[in-house]
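Required output: the full structure, derived from the provided sequences and hints.
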Amino acid sequence: MSIALEERLAATLARLILDPAAPPARHIAVGAASPIPAAACWLVRLMGHPVRLSLLHKRSGNPFTEGTRELFDLTGQGRIDLFFLGGGQIDGQANLNLVGTGDWPGTGVRFPGSFGSAFMYFMTPRTILFREEHSPRVLVEKVDNISAPGVSPPGVFRRGTAQALVTGKCVFRFHPDRARFSLESLHPGDTVDSVRAATGFDFDAEADIPATPDPTEAELALLRGRVCDEMAETYPEFCKRVWGRTRAA
Amino acid sequence: MMLPSVDALAAMVPDGALVAMPPDNSLPSVALAKALIRKGARNLRLLGVPVSGFATDILIGAGCVAEVETSAVSLGEAGFAPRFSVALKEGRIKVRDATCPAIHTMLQASEKGVPFMPLRGIIGSDILANRPDWKVVPNPFAEDGSDPIVLLPAKQPDFALFHAVMADSEGNVWLGRRRECATIAHASKAALVTVERVVEGNFLEDERLASGAISATYVSATAIAERGARPAALLDEYGFDQAYVSDYARAAKTEEGFRAWLDREVFAGARKVAAE
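Protein chains in written order, with my numbering: chain A, 1 to 249; chain B, 1001 to 1276.
If you're looking for bench data, these hints aren't it; they were derived computationally from the structure. Keep in mind that the hints are not guaranteed to be accurate.
Okay, derived cross-link-like pairs now, SDA-like style, lysine to any residue, Cα gap no bigger than 20 Å in a straight line [stated by the list, open to error]:
1) B:Lys-1089 - A:Lys-58
2) B:Lys-1089 - A:Glu-237
3) A:Lys-240 - B:Gln-1242
4) B:Lys-1094 - A:Thr-107
5) B:Lys-1189 - B:Thr-1217
6) B:Lys-1135 - B:Leu-1151
7) A:Lys-58 - B:Phe-1240
8) B:Lys-1089 - A:Asp-144
Derived coverage of chain A by chain B (criterion: at least 3 residues anywhere in the stretch with Cβ under 8 Å from a Cβ of chain B; other residues may be distant) [what the hints assert, rightly or not]:
9) 98-112
10) 150-157
11) 219-232
Derived list of chain B stretches under chain A, where covered just means 3 residues or more per stretch with a C-beta under 8 Å from a C-beta of chain A [to be verified]:
12) 1114-1127
13) 1171-1185
Beta carbons are placed, not taken as given, at the ideal position from N, Cα and C, and that holds for glycine.
Listed below in structure tokens is the structure:
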């Protein structure tokens, strides 16, 4: 069985979660409609790393007893270490636009809205940005509207920024000191030139960019087995599409 | 107060009211939204707590809504909310974007009866730039530097609308751990709640039920609406009806499709009952 892009992305996100240079991830929250980040978190957990996962849209076993505000209260206190965010537009300074294109509040194409991004991006020690579509319409030079800014001026309380941006083509590392991305690794089939052509923002790239590593045999076995078991209830369509799993009755 | 029908509950909501509703994952009363459409409600100002879903989209499509304040409007897996998107584009509704914890915080200020509460984050976002009612002040307790922080005004909805599992003889309602509905009820002038059933007794006398109950202090009126959250899920009682929402999302892409859907799903049932 060849490696599916979803499996590669999940394993890549898992490596970023475990990055020893980043602040520790003891408690990770995963939002709605995020099957690949959820798979990455389960992979980390099932590899034996002690991490608490709060999956916000799990049908059974809602992690919160004080309503949906509990996630934000926990995050406000600094008790959520890592969150995932995406965006209809992401720019070269890691600004996120979840509102829409054109004038405020999205008079061009309206996206659903900012959700908790304007808070979570500030209050978690790190955020992994994930957007599978890697195109000039998503990765823009400057977002039309800022739901959540990539960096903040000195004096504004902020616990962290983006750690990295993972797309269907590559991994970018974010450098908050200069508010720029650098190319960290390329998925199979992509080159620096093909990434440049598909990216609306300028980014740094060293002479030799490594390939994004394949998932290991052990990671693939977990993803196709126990990770899929854990995800089947919340993401039945995803498990069916990627792993051909139909939900047991 | 137990009312005979969900339509009697809807009759309590005057045009122009500020109405707070939870989204699809958090016990919306879709039955009550449909009753508001049948009643011909107009100029409602909806507050999504903290985001908005199916019920908001059908109310907008039916012309009941003047304003939406929310952190997102979405049909989840079925994609963008079609009637919301069209109404925004055509300028028929005013949209006030927020971010989830800001909506919770504005309601919590109302719960406490204080005029505002602070919240971290948000600074540098265009959400803030478009919210003249939100203010940035220096943290008065900061030991050094100015430490700017956002202050949010208390928000008191006229009505909280949601669905619960059951009501008791005393008018308390029970909905388990979805405490955001309790926050809305506490913060609003009145809560109108649909329930699956009414049971004998008093939830507040039962230690195991009390923590998932909302006291009748906050609940102005209830009515039975079986499967009243549908197509949204109700805890462990019934699941999310993805096929129903996907069918709606397809139909509501066009005005004609939406009108046909409305006629079939909102008005036809009522006509059938009236004819019986």
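Verification of the supplied hints:
With a C-alpha separation of about 33 Å, the suggested pair Lys-1089 of chain B and Lys-58 of chain A falls outside the 20 Å cut-off, and the hint is violated. The hinted pair formed by Lys-1089 of chain B and Glu-237 of chain A fails the criterion: a straight-line CA distance of about 31 Å is larger than 20 Å. With a C-alpha separation of about 16 Å, the suggested pairing of Lys-240 of chain A with Gln-1242 of chain B holds against the 20 Å cut-off. For the given pair, Lys-1094 of chain B sits about 12 Å from Thr-107 of chain A by alpha-carbon distance, which is consistent with the 20 Å threshold.
Simply put, Lys-1189 of chain B and Thr-1217 of chain B have alpha-carbon atoms about 11 Å apart, close enough for the 20 Å limit, and the pair holds. Of the supplied pair hints, the one linking Lys-1135 of chain B and Leu-1151 of chain B holds, its CA atoms being roughly 5 Å apart against a limit of 20 Å. Between the alpha carbons of Lys-58 of chain A and Phe-1240 of chain B the distance comes to roughly 12 Å, so the proposed pair stays at or under 20 Å and holds. Using a Cα cut-off of 20 Å, the hinted pair Lys-1089 of chain B and Asp-144 of chain A holds, with the two alpha carbons roughly 16 Å apart.
By the rule of at least three residues with a Cβ nearer than 8 Å to a Cβ of chain B, the coverage given for the segment 98-112 of chain A holds, with 9 such residues. Coverage of a stretch by a chain is defined here by at least three residues with a beta carbon nearer than 8 Å to that chain's beta carbons; for the segment 150-157 of chain A and chain B the count is 5, and the condition holds. With a threshold of 8 Å between beta carbons, the proposed coverage of the segment 219-232 of chain A by chain B is violated, since 0 of its residues qualify and at least three are required. Look at the segment 1114-1127 of chain B against chain A: 9 of its residues bring a Cβ nearer than 8 Å to a Cβ of that chain, three or more, so the hint holds.
Coverage of the segment 1171-1185 of chain B by chain A holds [criterion: at least 3 residues with CB-CB distance below 8 Å; count 7].
Hints 1, 2 and 11 from the list above are not met by this structure, while the remaining hints are.
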